[in-house]
Structures are given as C-alpha cells and as structure tokens.
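Start counting the sequence shown at 19; every next residue gets the next number (our numbering).
Incorrect hints may have been included.
SDA-like, lysine to any residue: derived pairs with alpha carbons at most 20 angstroms apart [as the list claims (entries may be wrong)]:
#, residue 1, residue 2
1, 67, 80
2, 160, 261
3, 67, 42
4, 56, 186
5, 150, 265
6, 56, 70
7, 160, 282
8, 341, 352
9, 341, 233
10, 264, 283
11, 341, 355
12, 264, 155
13, 150, 167
14, 341, 226
15, 56, 72
16, 321, 147
FYI, nobody ran anything at the bench for these hints, they're computed from the structure.
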Amino acid sequence: MLKGGVLGFGGVGQNMTRKLHDWGAAEIIGVCNRGADKLVLAREKFGIKKTTHDPRELCSWDLDFVLVTSTSHAHHEHVMAGAEAGLHMLIEKPIALNLEDADEMIDAVTKKDLITVVNYTRRFQPPFLRMKEVVDSGELGKVMSITCFVSRGYGFYASGARHRAVVEAHESGGWLVHHACHAIDFAIWIAGDVESAYCRSQSTVPEQDSPEVMWGLLALKNGGTAIIGDTVAAIRQSIITIIGTKATIEFLRTPQGNVLHMRREKHGHIDWSRYDDDILGYGTPSHEQGLRDFIDCLNEKKKSPNDLLSGRASLAVALAMEKSRKTGKIVTVKEVDPKA
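Using the sequences and the accompanying hints, generate a full structural model.
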C-alpha cells in the first residue's frame, strides 16, 4: 500500500486522510502542522503516531507521497521539502503567492521527475469535464466569452464572519488569490491564455486591504473575454456560462439542484439536462476527485496534465488582477510575468 504524509492538517488534510483510509488507497503515516493542537488530533483521533512541526523531518520518513494542504504561504517551503526528498505531491491551490516561488517549485519537481497534481477542483468534477468536452469537440464553435461567478456562502467581515483567508490575507494571498483562482484557472483551462486584466473590488474589512467582493474582466489571447466574479458573501451560488459562435452551455448551482444546459444557435433547438447531485457529481466534496486523480497517477506511474506547471498561469493572472484592483488600471499579464 502507498504510504503518505500530510503537510498542513487542517480541514482539507483531515478529510483527505479519512478518504484515503475509507478507500483503502493509501496509509497516512505522518503529519506535519505548525500548531500543536492538530498534531494532538492526528494522534488521538486518527491514530497517526508520527507527528512533527518540521516539514523536512516529515519528508525524511519512509513515504511515497505528501499532501500539501497547508496555508498558501507555506506551499513553497513544503513543496521544496517534498521535492528534495523525491516525493510525489498533491498540492492545494494556489501553488504559491508569487511567481518566483512558483518557478523554483516547478524547477525542483521537474528535476526529480516527480508526479504532481494541483487540486483545482473544476478540472475533476463531472459537469465541468462535460463542459470542457463540449468546447474541445467544437460543438460550441469559437469561444467568444466565458463568465464564472462564485459566491462562497460564508459571510462578510462586517456581519461577524471571519473567514481565515480574508482576515489573514498575508498568509492566504487574499480572497482573489486564494479563492478566485478557481474561476481564473477554469477560464484558462477552457478558453486559453489571458492577455490583460482589469479588476474592481470591495470589502467590509477595516484597516487592511482584503477584498471580499471582486469582479475581473480578462482579455483572452484568442480575442474572447472572460468575466470573473467571486465573493465571500453569505449566499452560496455558482454560475458558469460559456458562449460560443455555435452554441452556449451553462452550469447553475441552485437550492433546488444543479443544472447543466445548452442551447444551440439554430432557432428553437434547446437541450436541457437537470441532474441531482449524485448523478452530476457536484455534490461530492470537491477535494475527493482531485485526490482520486492523484492516487490513480501514482498507481499507474503517469504524469497528470493538472500538474504544478499547469497551476502557474492562473497565479500570474490572479497577480495581474491584484495589481489592477490596486491601481485601477488595465494590467497586462506580461507586466507581472515576463514569461507570458
């Protein structure tokens, strides 16, 4: 059986540990966490005997892989420790908080020929795989625009909600880098590279620049447009619309159920498909599908297209959006990423 360790034993790390145990897919034999309380939890509730505060100590143990489920600012240190030890890695998004760290991480895993998977969840979930399939088939024609809006369903600071990514923006990168990166990655995955970005944001957080609502307009290199909306607001919602020259496909998350539907430009021709969560697969906790992909790659000894390098483009665009919202100007991706 595969043996692994967890770097960062918060909610995601704990859930992945449970799933691997339930599936009988791998054994988590060690945990690293900066806070002592999570190490006590790992020993007493999960029966994991080996715990440490030191990521390099964990990576020195007899492991096949590590799950990098730590806070965003720690990803660079943890991936570098895993690469140094020659361990395959599943990495939570965003891959890093700056491109210099990201490039160092990519170089390190490439030199060791390691399998990496970045847990950008929409790349693994059935409705979004279906949307990708339809786009790639040419059925939509040329993609002219893509709109991705997500409301997290947590609440604003002013209402008493205290999402860690908002109140500890110095560690998370802020809500845009931490959470809107999902929508940015999806847009790139579907429609290709981004030329420039314009972003506006608002927040109820006092005394620090930590956005809670943001909208971005991205100019795509293919001539199309992507609109990115993301918020920590109390309502939980997700809407994705891809408009092509031949048809439009849309995903809606509603309280009554999830809907994936498409309408062709041919007059009167409309296709509707309504699914419950079990069929659509969107009700499955999002980290599970990425975790399954990672384990499959390890067992089959194959690289994933959703690797560390694939996560770099969304980080560059998120940083361009960050610069835009702070300056009020359109920012080209080349301004923040000379490699673009």
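We went through each hint and held it up to the structure:
For a cut-off of 20 angstroms, the pair hint linking residue 67 to residue 80 stands: about 14 angstroms separates their Cα positions. For the suggested pair residue 160 and residue 261, the alpha carbons sit about 8 angstroms apart, so the restraint of at most 20 angstroms is met. The straight-line distance between the Cα atoms of residue 67 and residue 42 is roughly 18 angstroms, inside the 20 angstroms bound, and the hint therefore holds. For a cut-off of 20 angstroms, the pair hint linking residue 56 to residue 186 stands: about 19 angstroms separates their Cα positions.
Distance check on the hinted pair: residue 150 and residue 265 sit about 14 angstroms apart at the alpha-carbon level, within 20 angstroms; holds. For the proposed pair residue 56 and residue 70, the alpha carbon gap of about 10 angstroms is at most 20 angstroms, so the pair holds. Of the supplied pair hints, the one linking residue 160 and residue 282 holds, its CA atoms being roughly 13 angstroms apart against a limit of 20 angstroms. Of the pairs offered as hints, the one joining residue 341 and residue 352 holds, with about 12 angstroms between alpha carbons and a cut-off of 20 angstroms not exceeded.
Note on residue 341 and residue 233: the hinted pairing holds, with a Cα-Cα distance of about 13 angstroms set against a maximum of 20 angstroms. At roughly 5 angstroms between alpha-carbon atoms, residue 264 and residue 283 fall within 20 angstroms of each other, so this suggested pair holds. With a C-alpha separation of about 12 angstroms, the suggested pair residue 341 and residue 355 falls inside the 20 angstroms cut-off, and the hint holds. Our distance criterion of 20 angstroms between C-alpha atoms is met by residue 264 and residue 155, whose separation comes to about 12 angstroms.
A distance of roughly 17 angstroms separates the Cα atoms of residue 150 and residue 167; the hinted pair therefore holds under the 20 angstroms criterion. Taken as a hint, the residue 341 and residue 226 pair is honoured in the structure, with Cα atoms around 16 angstroms apart against an allowance of 20 angstroms. Of the supplied pair hints, the one linking residue 56 and residue 72 holds, its CA atoms being roughly 14 angstroms apart against a limit of 20 angstroms. Between residue 321 and residue 147 the alpha-carbon distance is near 19 angstroms, which keeps this suggested pair within the 20 angstroms criterion.
When the structure is compared with the earlier hints, no violation turns up for any of them.
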